[in-house]
Amino acid sequence: MITLITGGSKCGKSSLAEKILDGFFGKKYYIATMRPYGRESLEAIERHRNMRSGKGFETIEKYTGLDEIVIPENSAVLLECMGNLCANEMFGDKIVNPVKKIIDSIRYLDSISETLVIVTNETGADGIEYAPETMAYISHMNEINCITADFAENVIECVYGIPVVRKGALCY
Amino acid sequence: MKFITGGAYSGKRRFAAERFGITAGVADGKECAFNEVLTAKCVNNYHILVRRLIAENKDPIAFTESLCAENPDITVIMDEVGCGIVPVERTERLWREACGRCGCILAGKSDIVIRLICGIGTAIKGEL
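These protein sequence lines are chains A and B, in that order.
Residues 1358 to 1529 in our numbering are what the first sequence lists, from first letter to last.
Residues 2 to 129 in our numbering are what the second sequence lists, from first letter to last.
Since the hints were derived computationally from the structure, they do not count as laboratory data.
Remember, predicted model here, so these are calculated numbers, not experimental data.
We put the CB at the ideal spot given by N, CA and C, even for glycine.
Do not take every clue at face value.
What the hints assert, rightly or not - One side of the interface only, derived from the structure: several residues of chain A facing chain B at Cβ under 8 Å:
no., residue
1, Leu1361
2, Ala1482
3, Gly1484
4, Ile1485
5, Glu1500
6, Cys1503
7, Ala1506
8, Val1512
9, Glu1514
Produce the complete structure using the sequences and hints provided.
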C-alpha cells in the first residue's frame, strides 16, 4: 500500500510520514536519498536523524537505483524524498529522463513492502521560468507525482502541518 | 465557465480532456492571437497570455473582464504562479500580481473551479 505525501518546503511532510508509521509494529526502513553534500544538506540530514531517533527506523542510504534494495518481508518503508531521488537519477554524468526508472523502483518497493510511504515535493507553482534543465526537472517531478498518485491508495497534501487528504484516507 | 488551475505540469490539460472532453479548440496563451480567446472553447496557459498582454501594454484585467463577458462558456486553464518568493524584478512582480487578480476574476465568474495537485483534481468551487 502506497501513501504519497506532498506539499511545499518545510510543511511537515516528514513528521506526518513518520506519524503514519508510528503504529506499525513490524520492521521499519527509512530510505534516505539525500546525498550528504555541503553544509545545508548535512544539517538537514542531522535534523531528520534526530527526528527519527527512537522511532525504530533502520536507515538505508541509497541515492539512486532503489530497485537494488532488499528488505525482509512485511516491512514498512519510508522513502524520503522524491525530490532528491529525481535529481540524483537525472543529473549524473549526463542528463537523463528518470521517470520510468523511478516509477519502476516505486512499484518494486511497493511489491516488497507491507506499506510504503513516499515523501515528495511540490515544484512548479512559483511561476518562475527556470533554465531548461531545471524546467525538465520540474516536469519530471510532476510526472512522477501524477503517475504515483494514480496508483497510490492514499495521497496527502501537507499545508503548514495540516494534512489534506487528496485521495484515499489518512490512517495513523 | 470553467477554471482549471494548479502548478506547472500538475495534469491540468489532461484533466480538461478526460473530464470535460476538451481536446480540440484549445487556444494556447503562449502564441494565440488575443482575440482568438474571445471565441475559443478553451484557453491554455492563460498566465502566459497575461504576460504577453502586459508586454504589449494591454490591461490584462480589462481583457479578462471582457473575456468573461464575451465568452462565458470558455474553459480557462492557468498555472498557479503565486507561491514562492516575491520576485525582485518589477515586471515579474507586476505579472504575478496581474495573474492573481485575473485568476480571481476568472474563478469568481466560473461555475466550477478545479485545482490540481499530483494529477488529482478537486472542485474548490461548484461540483464535478
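Evaluation of the provided hints:
1. For leucine 1361/A, the interface hint holds, since its Cβ comes within 8 Å of a Cβ in chain B; the closest pair sits about 7 Å apart.
2. Interface hint status for alanine 1482/A: upheld, as the beta-carbon distance to the closest one in chain B is roughly 3 Å, under 8 Å.
3. This hint holds: glycine 1484/A has a C-beta 3 Å from the nearest C-beta of chain B, less than the 8 Å allowed.
4. A hinted interface residue such as isoleucine 1485/A counts as satisfied when its beta carbon comes closer than 8 Å to some beta carbon of chain B; here the least separation is about 7 Å, so the hint holds.
5. With a cut of 8 Å, the hint placing glutamate 1500/A at the interface with chain B holds, because the nearest CB-to-CB distance is about 7 Å.
6. Interface restraint check for cysteine 1503/A: the shortest CB-CB distance to chain B comes to about 3 Å, inside 8 Å, so the restraint holds.
7. The interface hint given for alanine 1506/A holds, since its Cβ lies 4 Å from the closest Cβ of chain B, which is under the 8 Å cut-off.
8. The closest approach between the C-beta of valine 1512/A and any C-beta of chain B is roughly 6 Å, which is under the 8 Å cut-off, so the hint is satisfied.
9. For glutamate 1514/A, the shortest C-beta to C-beta distance to chain B is roughly 6 Å, which falls under 8 Å, so the interface hint holds.
Of the numbered hints given earlier, the model fails none.
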